[in-house]
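Trainee: Sequence:
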Amino acid sequence: VAVGFAGGGVKLFPVPTATGLPPPKQTPAAPMESLMPHDQLVSCLHASRDGAWLISASMDGSVRRVPLEGAPQAEMNKALHNPYNGGVVQVCTSRDNLLVISTGGLDGIMAWSKSDAELAALGSWQDDDEDEQEAEEGEEEAGTEYE
Numbered sequence: 001v002a003v004g005f006a007g008g009g010v011k012l013f014p015v016p017t018a019t020g021l022p023p024p025k026q027t028p029a030a031p032m033e034s035l036m037p038h039d040q041l042v043s044c045l046h047a048s049r050d051g052a053w054l055i056s057a058s059m060d061g062s063v064r065r066v067p068l069e070g071a072p073q074a075e076m077n078k079a080l081h082n083p084y085n086g087g088v089v090q091v092c093t094s095r096d097n098l099l100v101i102s103t104g105g106l107d108g109i110m111a112w113s114k115s116d117a118e119l120a121a122l123g124s125w126q127d128d129d130e131d132e133q134e135a136e137e138g139e140e141e142a143g144t145e146y147e
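Taking UniProt numbering, the leading residue of the sequence shown gets 1, the next gets one more, and so forth.
FYI, nobody ran anything at the bench for these hints, they're computed from the structure.
We put the CB at the ideal spot given by N, CA and C, even for glycine.
Keep in mind that a hint or two might mislead.
Label-pair ranges, simulated between beta-carbon atoms [said to hold, decoys possible]:
#1 86 x 113: 22 to 28 Å
#2 49 x 16: 20 to 26 Å
#3 33 x 96: 24 to 30 Å
#4 29 x 109: 33 to 39 Å
#5 51 x 31: 16 to 22 Å
#6 109 x 28: 35 to 41 Å
#7 17 x 90: 16 to 22 Å
#8 20 x 96: 37 to 43 Å
#9 26 x 109: 24 to 30 Å
#10 26 x 105: 39 to 45 Å
#11 50 x 109: 22 to 28 Å
#12 9 x 92: 17 to 23 Å
When you get a sec, could you build the whole thing from the sequences and use the hints?
Mentor: Dropping the structure here:
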């Protein structure tokens, strides 16, 4: 089980196997592994469909992709979003796990692909509703006649 913390930490815990109620004085579970922490609150965790990767996102604007089989080093540590605009809110992968899509703050939607060791931005989209509304308001003001 992967857990993200407010301090930026990401830890992997074993899945409980006992059934029934826990004993009254049960010791806390120890993490199996602690991954490289983010600088701010972990806002999203996403496991790839095949279970090979864990993607973590943070309010510091970074997205990390870590293999779940033993390697604590992040393969991808990319600041995709501006932390001053709200950091990363959501992250997901395509069905084939080759495309990472993230959203956050005023940065809109970012799509990233892994090609060799480099990450390339495939595109970003922003909500144009505000721009359209401002344009319409400007047209209304320009069309007003005063007598």
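Trainee: Would you mind marking each hint as holding or not holding in the structure?
Mentor: Evaluated hints:
With their beta carbons about 24 Å apart, residue 86 and residue 113 fall inside the hinted range of 22 to 28 Å. The hint said 20 to 26 Å for the Cβ distance between residue 49 and residue 16, and at roughly 24 Å that hint holds. Distance hint check for residue 33 and residue 96: the Cβ-Cβ separation is about 26 Å, which falls inside the suggested range of 24 to 30 Å. The beta-carbon spacing between residue 29 and residue 109, approximately 36 Å, falls within the hinted interval of 33 to 39 Å.
Taking the beta carbon of each, residue 51 and residue 31 are about 18 Å apart, inside 16 to 22 Å as hinted. In this structure, residue 109 and residue 28 meet the distance hint of 35 to 41 Å, their C-beta atoms being roughly 38 Å apart. For residue 17 paired with residue 90, a C-beta distance near 31 Å fails the hint of 16 to 22 Å. Here the CB-CB span from residue 20 to residue 96 is close to 41 Å, well matched to the stated 37 to 43 Å.
In this structure, residue 26 and residue 109 break the distance hint of 24 to 30 Å, their C-beta atoms being roughly 43 Å apart. Between residue 26 and residue 105 the beta carbons are some 40 Å apart, a value that agrees with the proposed interval 39 to 45 Å. For the pair residue 50 and residue 109, the beta carbons lie near 23 Å from each other, so the given range of 22 to 28 Å is met. A hinted range of 17 to 23 Å for the beta carbons of residue 9 and residue 92 is consistent with their spacing of about 22 Å.
Checked against the numbered hints listed earlier, the structure breaks hints 7, 9; every other hint is satisfied.
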